[in-house]
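Number of protein chains: 2
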Amino acid sequence: MSMIDTLIEALQVLPGVGPKSAQRMALHLLLRERQAGIQLSQALQAAMDNVRQCNLCRNLTEHPVCGLCRDNRRDEGLLCVVESPADILAIEQAGGYRGYYFVLNGRLSPLDGIGPEQLGMDQLVDRVAALQPAELILATNPTVEGEATAHYIGQLVAGQVAKISRIAHGVPLGGEIEYTDGGTLTHALQGRRDLDMHS
Amino acid sequence: MSMIDTLIEALQVLPGVGPKSAQRMALHLLLRERQAGIQLSQALQAAMDNVRQCNLCRNLTEHPVCGLCRDNRRDEGLLCVVESPADILAIEQAGGYRGYYFVLNGRLSPLDGIGPEQLGMDQLVDRVAALQPAELILATNPTVEGEATAHYIGQLVAGQVAKISRIAHGVPLGGEIEYTDGGTLTHALQGRRDLDMHS
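Listed in order, the protein sequences are those of chains A and B. Taken in order, the first sequence gives residues -15 to 183; the numbers are from my numbering. Taken in order, the second sequence gives residues -15 to 183; the numbers are from my numbering.
Source of the hints: derived by calculation from the structure; they are not laboratory data. Warning: the hint list may mix true and false statements.
Because identical chains cannot be distinguished in the list, a pair is counted as satisfied if it fits within a single copy or across any two copies.
[To be verified] Straight-line C-alpha distance at most 20 Å; calculated EDC-like pairs for lysine to aspartate or glutamate:
#1 Lys4 x Asp71
#2 Lys4 x Glu76
#3 Lys4 x Asp(-11)
#4 Lys147 x Asp59
#5 Lys147 x Glu119
#6 Lys4 x Glu(-7)
#7 Lys4 x Glu67
#8 Lys147 x Glu131
#9 Lys147 x Asp110
#10 Lys147 x Glu60
Keep in mind the model is a prediction, meaning the values are calculated, not measured.
Use the sequences and the hints to build the structure in full.
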């Protein structure tokens, strides 16, 4: 197999990249972006070799403890549990949240053999004990498995944290009530809040 | 900048990959496809370092002469001129053509400073002189610049090749006449062929 064919095949490991786009990518790099291609190769090598889980929060990082956990300007009173590092990126990009995180890297799924051990629940208990946050926010996905995982964690740390909360489910901003599914609407109505007339 | 951010930025050099998909790709590799990520890094490095233009046809290859030019089972009577290595891949995947190729790696475009030298016209003349094909097929794209390039090459090698042809333009297979543009329809009508009643 030629080096180009090897590259086209290797590129197809990327999500959403099939044979045609892999071919387009390979030729684009070879014909127009050699230097960037070498930089991409080096960035891949460095990340694959060095990025591991943060010892405190299980987020991805090349350091023993990740930048978020090392940042002592964050709010020590808040710990937010998410399923994936992508959720942290989304919450950070949204802004507004300034507490710490814990990443499960998955959700409870007995059929797939994913139990509390695979999700680092022991580490979570240790982290809660060390940080002693005033509030633990459960930000697992609003799926059956995400709900079950949130429920499990709630029970697990019930005695250790004063306040345990779950992110709100409801109609997304820019969404239309007419086209919102029934489960979401039920949550949106149950979770209704008093209108603040003074702000 | 963390290694993950570096990787996410480096991935955006790929065509069609923005910040969101780059992030998805990076996390996918880090969480689920480490080994494949390393293989991709190595394939990139090898290709970027070693792939150059074929000395005979200017196609991309890691050898001095590419596999297609070295394949002596191909039809020496045919030489097909294309704009890009991607065109060779498309024609090879379609099957049916068994001659040799020559890649311009561009098209005549005086405004962009792309003249005959940049397209290896000297090499094309040498290749025609060495191969002495019975027919030269001009398979540049059916654009204004592609047509101009085909016309230029036609004049350049007029004395050296008995037959110089241009790929057919017309209604694509599966296309609908109703929705075909006027220029294509004009070509399709002008290029009409007798219906073979005996096959």
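Point to revise | Intra- versus inter-copy proximity for glutamate -7 and lysine 4 (alpha-carbon distance at most 20 Å) | key: Cα proximity of lysine 4 and glutamate -7: one copy only (10 Å, versus 23 Å across).
Exercise for review: First find the shortest C-alpha distance between lysine 147 and aspartate 110 inside one copy, then the shortest across copies, and answer within, between, both or neither for a cut-off of 20 Å.
Suggested key: Classified as within: same-chain Cα gap 17 Å, cross-chain 80 Å, threshold 20 Å.
Review point. Should lysine 4 paired with glutamate 67 be assigned to within, between, both, or neither, using CA atoms and 20 Å as the limit?
Key: between (32 Å within a copy, 18 Å between copies)
Review point. Between copies, within a copy, both or neither: which fits lysine 4 and aspartate -11 at Cα up to 20 Å?
Key: Only inside one copy: lysine 4 and aspartate -11 sit 12 Å apart there, 27 Å across copies, limit 20 Å.
Exercise for review: Please work out whether the CA atoms of lysine 147 and glutamate 60 approach to 20 Å or closer within one copy, between two copies, in both situations, or in neither?
Suggested key: Intra 14 Å, inter 80 Å, cutoff 20 Å: intra-copy only.
Review point. Between the shortest in-copy and the shortest cross-copy C-alpha distance, which are at most 20 Å for lysine 147 and glutamate 131: within, between, both, or neither?
Key: Close inside one copy (17 Å), not across copies (72 Å); limit 20 Å.
Check your understanding: Between copies, within a copy, both or neither: which fits lysine 147 and glutamate 119 at Cα up to 20 Å?
Key -> Cα proximity of lysine 147 and glutamate 119: one copy only (5 Å, versus 81 Å across).
Check your understanding: Which holds for lysine 4 with glutamate 76 at a C-alpha limit of 20 Å: within a copy, between copies, both or neither?
Key -> between (34 Å within a copy, 14 Å between copies)
**Study point:** Alpha-carbon proximity context of lysine 147 and aspartate 59, limit 20 Å
**Key:** within (15 Å within a copy, 78 Å between copies)
Review point. When no copy is named, should lysine 4 and aspartate 71 be tagged within, between, both, or neither for a Cα gap of at most 20 Å?
Key: between (30 Å within a copy, 12 Å between copies)
Violated hints: none; the structure is consistent with every hint.
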